[in-house]
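Chains A and B supply the protein sequences, listed in that same order.
Heads up: the first sequence runs through residues 0 to 237, numbered per numbering that gives the first Met the number 0.
Heads up: the second sequence runs through residues 0 to 248, numbered per numbering that gives the first Met the number 0.
Everything labelled a hint here was simulated from the structure, so no lab data went into it.
Some hints could be false.
[Stated by the list, open to error] Residues of chain B clear of chain A, computed beta-carbon distances all greater than 12 Å: (1) 10; (2) 61; (3) 92; (4) 112; (5) 129; (6) 193; (7) 206; (8) 227; (9) 248.
[Said to hold, decoys possible] Label-pair ranges, simulated between beta-carbon atoms: (10) A:54 x B:177: 24 to 30 Å; (11) A:24 x B:186: 46 to 52 Å; (12) B:164 x A:155: 38 to 44 Å.
Where a beta carbon is used, it is the ideal one built from N, C-alpha and C, also for glycine.
For reference, the chains in residue letters:
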Amino acid sequence: MLELRNVSYTYPQAKSPILHNLSFCVENEHAGIIGPNGCGKTTLLHLMVGLLKPTEGELFFQGEPVTTKLDMYNLRRQVGFLFQSSDDQLFSPTVIEDVAFGPLNLGFAPAEARAIAENTLKNLGLTGFEDRITHKLSGGEKKLVALATILAMRPKILLLDEPTNNLDPKTTSRLIEILQNLELRQVIISHDWDFLSHTTTTLYKIDHGHIHKCEEGHIHVHRHIHKAGDHPHVHNLK
Amino acid sequence: MMDEDFAQGTSLLHHIDSRIKIVVAFFLVGIIAVTDNFTVIALALAVSLVLLTVARLPVTLVAKRLVAANSFIFFLWLTLPLTYGGELVYQTSLFSISHEGIILSALITLKTNTIVLTIIALLATSTIASLGHALEGLRLPGRLCFLLLFSYRYIFVIHQEYLRLSRAAKMRCFQPATNIHTYKTVAYLFGMTLVKSYNRGARIHQAMLLRGFNGHLIPLTSHRMNRNDIVFLFMGLTASAALVFLHFT
């Protein structure tokens, strides 16, 4: 549905490309992407929604190359992108205005947009947040409201850039539950193996500008003892 | 910082269309600002007090705002009567107090308080967001309205970003003094805040583009003018016209 074909990207003033002759297609799956800091994960997502233009290669959406502004508009109304920082995403004074922003841009009348926004908030368990001031929400609330602003546009694909950053375990498990119940394709960047194991079916790894599908069976849930109670922890990866 | 203390309410003034309130405030404040006629200002003060009563705002909060405004006026009283010159009402070998200076100080004090009260009653009873949309409705350039709305939304974030940086500096034992090191550090802090804000602006723009933004903000709540709005506009303009008339006679 959404595909990057033989794409390379070099940042201005960088000596070597960050992504090199890379092909990636969002299949009917929940894909996880891992890789060290600075390996180009966010760059990959930005290329997929046209925030960055590939130095080489092409972007395809629904089998057609994305070339014109109209193509890009069509792509963006069907692909939602949850940024790393919710403060970059929530710019309206109140929650309801922010969630209704997308539907209004899609041409819904104010009353319809409000209904869509209220419904989206309800589905995420955020009823009563309508008139809250966006910059006064807590980090976890901001993240969920940011997700609502995107889901209100009813996208077919959802891209999430490190969604669990700075979330407490409770909000993280709430996010997991929400994502598991969403019937749309998802691409999730994360360093959180536990989170990926719950939310994704396929795992990709970015390494030296290339992307590899990880072998099946690498993502799994297992029972084990936590040495430090129920504190968050890192699993030994090898 | 900048809580919209007065914007929430159920009074008649809270329900008047923000566009109308801006227009009425524009004329009233304009007249108060240019006139030097005490009768006109006194009447305008009466009008603003009536508006304030209609808006049913908490008196203590309004008083606090007035104290803030009058703290600047206080310094005028310290200097103007002593330096303005003209007919003297009191004189010692050290200083003299002039009649004209006192009159001028009184004029400025009255004008300032009247303007502050009018603006609290008319503009502070709307949220910044609704004022932004109203200004756009009054055909002000869209960019200026964006600037108002986004400054309001992001001034907190920019301030927090600055505090984070300055905390980081403090945690590494930075102590401001009068030396090059301090100037350099403070310049870095400001510079870094600027760069970060700029980058954040770029990311917010991206987020808006991804949600179908095409250069026009569509307000969620569209206010339809009703009879109250029209009556209020008529009354506001009549009051302004009366004040203008009084000023010239």
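Taking the hints in turn, this is what the structure says about them:
| no. | hint | verdict |
| --- | --- | --- |
| 1 | 10 | 18 Å, holds |
| 2 | 61 | 22 Å, holds |
| 3 | 92 | 58 Å, holds |
| 4 | 112 | 29 Å, holds |
| 5 | 129 | 9 Å, violated |
| 6 | 193 | 17 Å, holds |
| 7 | 206 | 5 Å, violated |
| 8 | 227 | 21 Å, holds |
| 9 | 248 | 45 Å, holds |
| 10 | A:54 x B:177: 24 to 30 Å | 50 Å, violated |
| 11 | A:24 x B:186: 46 to 52 Å | 48 Å, holds |
| 12 | B:164 x A:155: 38 to 44 Å | 40 Å, holds |
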